[in-house]
Amino acid sequence: MNPSAPPKEFVYAPAILILSQDLYPRKVEVVREYIQNASDAIDSFGAMAHLLDDTSEPVIKVSIQGRSLLVFDNGIGMGAEDVEKLRYIAYSEKKAGEEAGYKGIGRLAGFAVAEKLKISSTRYGDPQLHHFEIRAKEMRDEISQNKKKGFVETASEVINRHTDIWSTPADDPKDHYTIVEIRGIYESCSELLDGTRLKEYIGDIAPVDFSPEFKWGSRISQWLHKDVPDYSPKTIYLSMSNGERIKVYKPYVDSMSISEPQPIAVRDPANPNNVLALCWYATKGQQMLDELRPSGKIFTVDGDGDKKRFAGLVYKLFGFSIGDRHLPVKTLWDRSFPRALWFTGEIHIIDKEVQPITDRSDFIESDARDRLYKASALIPSTLNQQAQVISYDRNAFKEGETFNVKLQQLKSRLLAKNIEKAELKSIRADLNRGRADLQARIDNCSDPAIEKYGKNVQKFAATVQKELDEAKIIKGGDGDIADVAHELKMTSQARRVFEIIMDVLQDYHGKDTETYHEVAGKISKRLRNKY
Amino acid sequence: MTVQRDLVFHTNPNKDFVRGEYDYAHVEHWYHLRGQRLNYLGLPAPEMLDIITWEKFLNRFTTIEREENQQHLMFLRANVRDVEHRLFSLYGEFDEILLKGRDQLGRRPEWPYDVVNLDYFGGFIYQDLSRPKAIKKLISNQVDFQRSFLMIITYHLRDGDIIGAKASFLDDLRRQLTSSTVDAKTRKAIDRAMDWYSDPNTPDSQRQTLLVNSFLRDTGEAEHFDVLCRPAVLYSGTGSASMIHFVTDFTFRARTAHKTSSKQSMFELVDLGTREVKDAKLIKSAAKAPRLSGV
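These protein sequence lines map, in sequence, to chains A and B. If you read the first sequence in the working numbering, its first letter stands for residue 575, the second for the next number, and so on. If you read the second sequence in the working numbering, its first letter stands for residue 5, the second for the next number, and so on.
Check each hint, because a few of them may be wrong.
[Unchecked claim] Examples of chain B residues toward chain A, derived with CB under 10 Å:
id: 1; residue: Phe61
id: 2; residue: Arg64
id: 3; residue: Glu72
id: 4; residue: Met78
id: 5; residue: Ala82
id: 6; residue: Asn83
id: 7; residue: Val84
id: 8; residue: Phe92
id: 9; residue: Ser93
id: 10; residue: Leu94
id: 11; residue: Ser240
id: 12; residue: Ser244
id: 13; residue: Ser246
id: 14; residue: Lys285
id: 15; residue: Ile287
Since the hints were derived computationally from the structure, they do not count as laboratory data. Remember, predicted model here, so these are calculated numbers, not experimental data. Backbone N, C-alpha and C define an ideal beta-carbon position, used for all residues, glycine too.
Chain B with its partners taken away, still in its complex shape (with noise of 0.2 Å):
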């Protein structure tokens, strides 16, 4: 039988933006920062758009792909990019190749990496929290190296929710940012802040970057590395779906008893909310929390 089948997967001006832009000045630094080129891990389609955009910053790369077409297009790509001796592309789920420590042919990631971009596609927290695990994981395999390291993350931005998994993490921080906090001026502010967080109104990326940011952070400090996150960055990707994009710094602190405390503060963190791309330009977000940081 002959089919046609399309292969080809798309890129656009605000996805390239992100990638040859904002992204690469955050590669090209922790390329200097680690002096030497980088090894790489992620997800990417079998364009490798954005190994081919860092590529004179990056050492080996190693991709994890689940179908066997897109993979067989990677390698593809990667000799016609001459690149095929520095791919080491795993076979299978990246949720389950993280928590298992193998693909489906046995082989395991070549830890450690100093940049991780995880452009997944669907969105980041499902039921089985798989996604979020398999991210646990990787840190915890990072920490085992005292590897610091620059991870991205980009998923599709959906308005859907684990039952009342968002209004019971934005109750959790609410507690958590006021319990330690004496003073009434910044306790009002906290709840003002927190109250905005939880409307109906609020864009649900406003959410969804604090709760993603606070879980690396958290996620981060437990095992030891210094946590500094950025505010997200927000666009319309390949059929106008709505994307979400972190770039979060991972700095290994000699390990201690207890977990790490970023630099970034808390309220820093909460501030940060979330920047747009249009027109290939990255802009603040209409949507602002009131600010808890100089409070």
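Just chain A, same shape as in the assembly (with noise of 0.2 Å):
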């Protein structure tokens, strides 16, 4: 073909390589792209599932064999129509904000990170089973050459090469699925054949369940089963290098210590009934009187990787993870970042309206998403009060801990008569400023039961100063004077004098003895340092 008169064409082969190239800034990514489909196949089957004979459980299916991925699906299946449509790039019957994806983008996203593509499918009821298969290395040299060369195609003449269709008998007509083998994936690509860092990622953004290891799941589930229409986690089963195979959870397990969750409802100010999202989320926890409470603590969880990885919200739409932690904080709070990291959690998007961007890491500009993001305005003070919140209570906590602590001690003193008479009054002045400090703290506090504790502790405080009141033996008194003079072997001459100074001492405080018992101490342990 004459470079200098293209074909008469909209789209041209480099058009190929721009698509697919340096979509997914992090190649793990791709996986993403053929659960999306793979669960919108579920969806679709399940819509129309009651009308057949079928009971099989929908599942999604990933797997790993050799420089291989595997993504299966027991959705709808495609029919033969269906398969030729997968060599038309951008093309998708998939409405907008009805499914996860509707750009016909992603189909490509194996294209960049494996040598080809081969893709297998039926539908319920249709007697054949049919393949597609690109050559995605073949067909990219092929593109880059030809650009040096100054020789230009039109995009279908080069997908058309490079591509091949074909049908077989399928097993059964009964069958329905697609399976994906993204086949030579390269080395630089390795991670997509990590199956430790799989499961992590698809757990992270894809729509499945709360683990059963994690308690708060079932009532978080039940929020959004209420309250988000297409909430729908799908199964995934994940196959690993070792021949075992595990279902795909969330992340969030019990021993991550998390705090009860609590729901918001984010309202369309214009129409409140409409939700427009709903947000659960939680705390780090600490063990406070027998029971996970917030701990008010950036939420970090202890292990391999980034320890703050779970800190702060994340978007969903469809069930799908948009952005990372960052966006919400990015977008919804103005203020009191560092908060923000204070909680986990998820912000389900029922507005459909609001659409992501290709790679899945923010939202399309658009008047829907600004909504979004103006009625999510609280949650961004709920939390920030829910922190204060928070502050205030496990200060509550940590000061009545802190003074219950020196309260025991103290007892165990005064049991052991183990107090001397020069301590008293500095004794008498902590308590009563633990005992303030700790009022101040329980009255900004709204936990019923750690208030209850800072009240247990009050009491306790009040016990303890009445016995520190009635204690009859302490150490020290008037035969201290004496046992200096004794212990320091004094001449009986500077005997006398020290009992005159003591004299005159005591004399002068008259009757607050604590104040002269104090001086008293520390002249004895002054003299017994120096001699």
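Dock the two chains into a complex; use the hints.
Now the structure itself:
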């Protein structure tokens, strides 16, 4: 073809490279596209399954074989015409806002990471199994070489040459499934072949259920099922290289010490009946009073990777994550950013007019998005308030706990009669200060259990104070002067001088015996240290 | 371009019988013998009919496939049958993988195995002897783990021959059998049997049975296995292809300096002959060599 007279088509082969390359900064994101298609296929089949004699459990299965990544689903499957359309770029019959994928580009995701893409599919009732193969590497290499030579072909010509479509008899016409094999994955994209990494990634981004190892999971699920119309977690299995097959769940588990979660319904201010999103959030928990209570710290989880991986909320659309946990902070918080990270949770977007950008890292700018962000201002304000409450409660508990320890020690000393008269004044002062500080914390506390605990500590403090007042035998007293004189082997003259000084001091303090004992104690201590 | 390709591997009632009843019984026996699910190595078609039929006795399945579309279909079937997590599919030629120790992607078989099912496309003995060499290597790998196993071999029965190989084998066998026999009556019986095997009118299946069983026995014994051979099973496969099928037990015996001596005598092996599958039944073949054992 003469480069000076390009054929009359509107899309040329290099567009394929542009559309497929660098679409996903993290290669592992490729798997999301296929899980998304699988999820849509399952939903589509689910909508008609009741009309058919089909009781199969809808599943998505991800497995690794050699340098192939396979994504299988027993969703609606594809007929011959659908498979033919796999050649069309950016063609999708899915309607935006009704299904997770709708741009018709995701199926090209594997194109940039592997040598070939093989897809086989059949629909319920179709006696044929349809196969599609695209020789991605071969096509990319050819397009690149032609580009260098200045040779331009239409996208259709190149796609036609590097793809095959054929059909074989299906094993069972009642079968309905699709399998995608991303074959010959490049070394540079090996994270797609790392089972552990995939498990983590799929759990983070896919519409999977809560783990049975997360006690709050069923409660949150109830909220989501009730208020998020399209909430339908999928069963996703992942086969690991050792032959183990695991069911993938959301990453939250009890061992993360997550305190009791709470929901927030984000309503459209213009129409409060219209719920735009449902958020659930929880903080890092700390064992307080035999229960996990909000600890008021950045949400961290001990492990090999990033400890703050679950700090913050994440947007979910059709159950799929949009962006990471920084996106809500970036889009909703205008202050107190660190407090946003005290929480973990999800914001499930119900308003389907809000649409993600192609790589799902953000939303397309639109009125719907702006309306969502505006209404979602409720989330940071609620969480910031909540953070303040947590802070008060945590401080009340901490104050009570520290004061309680001090009281216990004092009580032990009282029982052991191990308090010197010289200490009495400062002990009383400490006790009064402690009680006042704790009372101030209790007054700000809104957790009834912590408040009750604080009050109990106060009662204990009153008891200790009373015991202190009533204590008869306390170390130190008149004998102290003689003890010091004897201990320091004072001469009789020195002893007399010492006694005179102490007598004067006692006369001077009169009835304030505690101050006298405090000063006398200090003098005795100083003398002992010196001599 | 849109093309039509038929990738479906057809089975037939004879094959179904061999797999579903004859082999099934042996695999089940080994499952009980081992007391746990068996690790499988084989060359199944994408339908994985053997794996699916014996699935309840199997643990992991290592398959070897040399054609990528077939392998893709195998992945598909494994998913449809819900056994994809137990599948470990190597890519390449079986013989090459066995001899080199790894497949085209550098992955190694997960030695050792409890059941090996080699359903070959084509014959068993070619000029380069790659298939027997690969089997020798397989047996040698098994002995490294001192693992007893069941080996099933199926191939297309062809009358072709590496020039003189079978005649030479029969001469050697005759010498071997007579050299350890002083009794004139027995020597006569050996000659009668060997003459029958060498006779051009004797069906080649009989010679191939004796050849392959002897090969398996010799190779196994050299690696300290007690080898129990069985009559080969002849049946008409897909497209009326004549198939020959061997089921052999390899039981590891503690290593000694010498090769192991199987409980099954050489005379018994010569007498094994063949069976045939007709109408989903196993029957004795009409062709039968003069008996040696009990003479």
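Query raised in the report: Hint by hint, which ones does this structure get wrong, listed from lowest number up?
Result: As far as the earlier hints go, 1, 11, 12, 13, 14 and 15 are violated by this structure, in ascending order.
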